[in-house]
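**Student:** Fit chain W to the given chain P structure using the hints.
Given next are the chains, with one letter for each unit.
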Amino acid sequence: MPNARVNVSFAVLLGLALMLAGCGDGSEQLPPQPIRLAEPVPVVLDVLGRPAPEILAKQQVLHRGNGEEPQTLDPHRAEGVPTANILRDLFEGLATTAPDGRIVPGAAGRWDISRDGMTYTFYLREDGRWSNGDPLTAEDFVFSFRRSVNPNTAAVYGRMLMPIENAQAILAGDQPPENLGVEALNERTVQIRLDDPTPYFLGLLTHASTYPVHAPSLAEHGDDFVLPGNLVSNGAYKLVEWVPRSRLVLDRNLDYHSAGEVIIERVVFYPIEDENTEFQRFRVGDLHWTDQVPSNLFGWLSINLPQALSVSPWFGTYYFGFNLTRGPFRDNLPLRRALNLAVDRQILTGKVTQFGEIPTFTLVPGGLPDYEPPTPDYAELTQDQREQMARELYREAGYSEDNPLEVELRYNTSENHRKIAVAIAAMWKQTLGVRTRLINEEFRVFLQNRAMRRNTEVFRAGWIGDYQDAFTFLELFHSEHRRNDSGYDNPRYDRLLEQISTERIPARRRNLMVEAERMLLADQVVLPVYTYVTKRLVNPLLKGWEPNVMDFHPSRQMFFVKSRAQAEAEAAAVQAEAAPEAETDSGKAGDVTVVDDGTT
Amino acid sequence: MLNYSLKRLASAIPTLLILITVAFFLIRIAPGGPFDSEKALPPEIEANLEAKYQLDDPLIIQYFRYLGDIAQFDFGPSFHYRDWTVNQLIAQGAPVSFTLGGIALLLAFVVGVGIGVWAALKQNSAWDYVTMSTAMIGISIPNFVAAPILILVFAIMLGWLPAGGWDGSVQRMVLPAIALSLPMIAYVARITRGSMIEVLHSSFIRTARAKGMPEHEVLLRHALKPALLPVISYLGPAAAAILTGSVVIERIFTIPGIGSHFVQGALNRDYTLVMGVVIFYGVLIIILNYLVDLLYAWLDPRIRYES
Chain P
1 MPNARVNVSF
11 AVLLGLALML
21 AGCGDGSEQL
31 PPQPIRLAEP
41 VPVVLDVLGR
51 PAPEILAKQQ
61 VLHRGNGEEP
71 QTLDPHRAEG
81 VPTANILRDL
91 FEGLATTAPD
101 GRIVPGAAGR
111 WDISRDGMTY
121 TFYLREDGRW
131 SNGDPLTAED
141 FVFSFRRSVN
151 PNTAAVYGRM
161 LMPIENAQAI
171 LAGDQPPENL
181 GVEALNERTV
191 QIRLDDPTPY
201 FLGLLTHAST
211 YPVHAPSLAE
221 HGDDFVLPGN
231 LVSNGAYKLV
241 EWVPRSRLVL
251 DRNLDYHSAG
261 EVIIERVVFY
271 PIEDENTEFQ
281 RFRVGDLHWT
291 DQVPSNLFGW
301 LSINLPQALS
311 VSPWFGTYYF
321 GFNLTRGPFR
331 DNLPLRRALN
341 LAVDRQILTG
351 KVTQFGEIPT
361 FTLVPGGLPD
371 YEPPTPDYAE
381 LTQDQREQMA
391 RELYREAGYS
401 EDNPLEVELR
411 YNTSENHRKI
421 AVAIAAMWKQ
431 TLGVRTRLIN
441 EEFRVFLQNR
451 AMRRNTEVFR
461 AGWIGDYQDA
471 FTFLELFHSE
481 HRRNDSGYDN
491 PRYDRLLEQI
501 STERIPARRR
511 NLMVEAERML
521 LADQVVLPVY
531 TYVTKRLVNP
541 LLKGWEPNVM
551 DFHPSRQMFF
561 VKSRAQAEAE
571 AAAVQAEAAP
581 EAETDSGKAG
591 DVTVVDDGTT
Chain W
1 MLNYSLKRLA
11 SAIPTLLILI
21 TVAFFLIRIA
31 PGGPFDSEKA
41 LPPEIEANLE
51 AKYQLDDPLI
61 IQYFRYLGDI
71 AQFDFGPSFH
81 YRDWTVNQLI
91 AQGAPVSFTL
101 GGIALLLAFV
111 VGVGIGVWAA
121 LKQNSAWDYV
131 TMSTAMIGIS
141 IPNFVAAPIL
151 ILVFAIMLGW
161 LPAGGWDGSV
171 QRMVLPAIAL
181 SLPMIAYVAR
191 ITRGSMIEVL
201 HSSFIRTARA
211 KGMPEHEVLL
221 RHALKPALLP
231 VISYLGPAAA
241 AILTGSVVIE
251 RIFTIPGIGS
261 HFVQGALNRD
271 YTLVMGVVIF
281 YGVLIIILNY
291 LVDLLYAWLD
301 PRIRYES
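Protein chains in written order, with our numbering: chain P, 1 to 600; chain W, 1 to 307.
Careful: at least some of the hints might be erroneous.
[Stated by the list, open to error] Reference listing, derived: stretches of chain P covered by chain W, where coverage requires no fewer than 3 residues with Cβ under 8 Å from a Cβ of chain W: (1) 100 to 110; (2) 166 to 178; (3) 220 to 234; (4) 242 to 250; (5) 461 to 471.
No lab work stands behind these hints: they were computed from the structure.
For glycine and all other residues, C-beta sits at the position ideal for the given N, C-alpha and C.
Just chain P, with the same shape it has in the complex (with noise of 0.2 Å):
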């Protein structure tokens, strides 16, 4: 066949030239592409701080990115991020938070606590309804809370309730749920006591695990009660339509309490898992608001959708954990500290992630109102000296050039983990010439590796906190903790978690969690590395939230405004139209604040 070659080489070509089409989009070298995303008007406000009539846009739907599929919209045995987006849309729990991440009344308009801080006892709003116009009473908060730590309910969050006057035991099956600190002391008065203070309580019932659950429907339809048209709810919006895997619909619930207020009509959850799949569907104007951000795109993003591309710090950080349990770091200290010294922060997250990421020697998070965490001393010298340092406390651990230290880094399979593992088993060999292994496993293979501490040396770790607390973090470490896959096991800690857990008095609280994070770092037990940033595209057009640490962005708060070119084309029909009588109502003018919000 003379002609083979012909063909062979023509097919190269061809597909070399689709290769290069296909590999051009998100390369950075790129000139800026114009994208179409229309520019918003400013956010006028009226006295009552809700955005004016006029600014608002005719069409209200949010098309919201959301990541995985829920695994199930029953509040109290959901788990994961992309479920909780969906749940704070649909119901409401005694307490909720603000745009800014505060927590405010929600389903309860207020609450007293008692002095000692271990008796809430919650007023619910007169106008709190079901979406089937049924009112909300405390009853269903007791009902709510005892299915929540039922063991039948085999809730997966029901630990969130553990602060609750016997919710351990009867999480366990020692005792029936009836016996939980929970009352109703009248139609509209809930009263929650708790086996100790726990600062963080109100922070708790925001989340899912406390949402109330409508007793006569889940009577009714038993497992079925969440599926559309059985589904009923308390929150803003209420289920219309839900087909796996490809959306859920959320319409705006008339019997909210604060109906009135909300101005998104609908919103439609897609579940999309690829990040350039969302990211594609972001460009075409298909969603609003992405989950996540293409790991790779954030420079190109950067320059040519800034106005859209929103990165704030999280409450999680991400760290490599050390086996305490055996060698090589089994009692070896300065080992842990030189390989803690000689990795630079500052090039993992400036030159490997590259999204803004916070770089941080510690593991409770930056951003906290009331906790500071404790800056260990090394974080204040240059990486060249930390080096130093490094090297020396790498010989006094008895490794050498000679007799360098081999360990084996694992981590879960993904991207940006081997782009870190691999910067940092570079770091180790350029300061210290340890020898690394990179192991990489499949998720819930390398979870269970990590908690047998059997064949884990360096493991990768990540914890997004639960609760606004330190807590959250520190608790990790107790030697009993099932996830304290390090193996730390000091009495003296463990001693001062439990203090923790019964203090009364904030101050000293924060003295004492401030003292277990600087104990835990001093022990080296863990290797932070970075604070974890949101990243998401949100339409300009889209205002009404802000980025908080939490990631919480309920849909009832947001609103979309006109864009500026529509803006215009009314004002120009309005003026021709009304022209001999333009300038009656300049009154008002007063009435209204510009607001220069800078959520973008």
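**Tutor:** For chain W alone, coordinates are given in the frame of chain P:
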């Protein structure tokens, strides 16, 4: 013929049983469990969950209970998508996968045969080389490369079609169907061209032409039918491949078919869902192969009698 088809059908049952058994134990041997997450559960909660999903019995008891359940077509609740049963999830995903797969298959057949016949008629012309080398590229470019390129060109640059999603509308089907059928179009085109050239050189075609039959009748009535036989025998396995192989396309275009249940189910250790999809695929492939076998037997009597 009936005897043969019954025999073939009976042999499918042990095949299926072996498939179920191997898959059942394989997924459970995999480290980790359906309720593992980075947030570890307190032991009492984990015990509650295992009791709820009957994972606390010995494995062999779970196995026989499972066999009993599937004998009644009950695939159990999904461990991961906890509001749905596996039956519901498959019932929701299968029509989507079948629609997409069916369109892709049809597209592959029509376009592929068209190109193949054309290339055979213009054998060794520039047109032949261009189409056949393009076909070669089509075969060699994997889906996960072709699909993003299609999105880039038709959704983002030209803005003609949506970038993904599924609502049953034709616009949303076009790109994924093309992406899914591209390698098959290419394959069908090459098979058609080959067999068409062979048929065109056979003596009965020469006879037909010698009789003075118009060329289009020669092609349609005499050449095309025998030339399509290899294509049709390819379509059986191809249909199975397109239905089971749409995982990547489903992910890129966010299409709620059952392909992604397979992969996600395994990653989530969603035992019942993985088993459900394995059995569904298993039955599908067995049926398609069975149909192809019957078709063969019907076409070629030797197979009927020898077995």
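**Student:** Has the region 242 to 250 of chain P got at least three residues whose CB is nearer than 8 Å to a CB belonging to chain W?
**Tutor:** holds (count 5)
**Student:** Please check whether the region 220 to 234 of chain P has three or more residues whose CB lies within less than 8 Å of a CB on chain W.
**Tutor:** This one holds; 4 residues, not fewer than the three required, reach chain W with a Cβ under 8 Å.
**Student:** Against chain W, does the region 166 to 178 of chain P show at least 3 residues with beta-carbon separation below 8 Å?
**Tutor:** Holds, because 3 residues of the region 166 to 178 of chain P bring their Cβ atoms closer than 8 Å to Cβ atoms of chain W.
**Student:** Check, residue by residue, whether the region 100 to 110 of chain P contains three or more positions whose beta-carbon lies closer than 8 Å to a beta-carbon of chain W, and give the verdict.
**Tutor:** violated (count 0)
**Student:** Counting residues of the region 461 to 471 of chain P with a beta carbon closer than 8 Å to any beta carbon of chain W, are there 3 or more?
**Tutor:** Our answer is that it holds, as 4 residues pass the Cβ test (under 8 Å) against chain W, meeting three.
When held up to the earlier numbered hints, the structure conflicts with hint 1 and nothing else.
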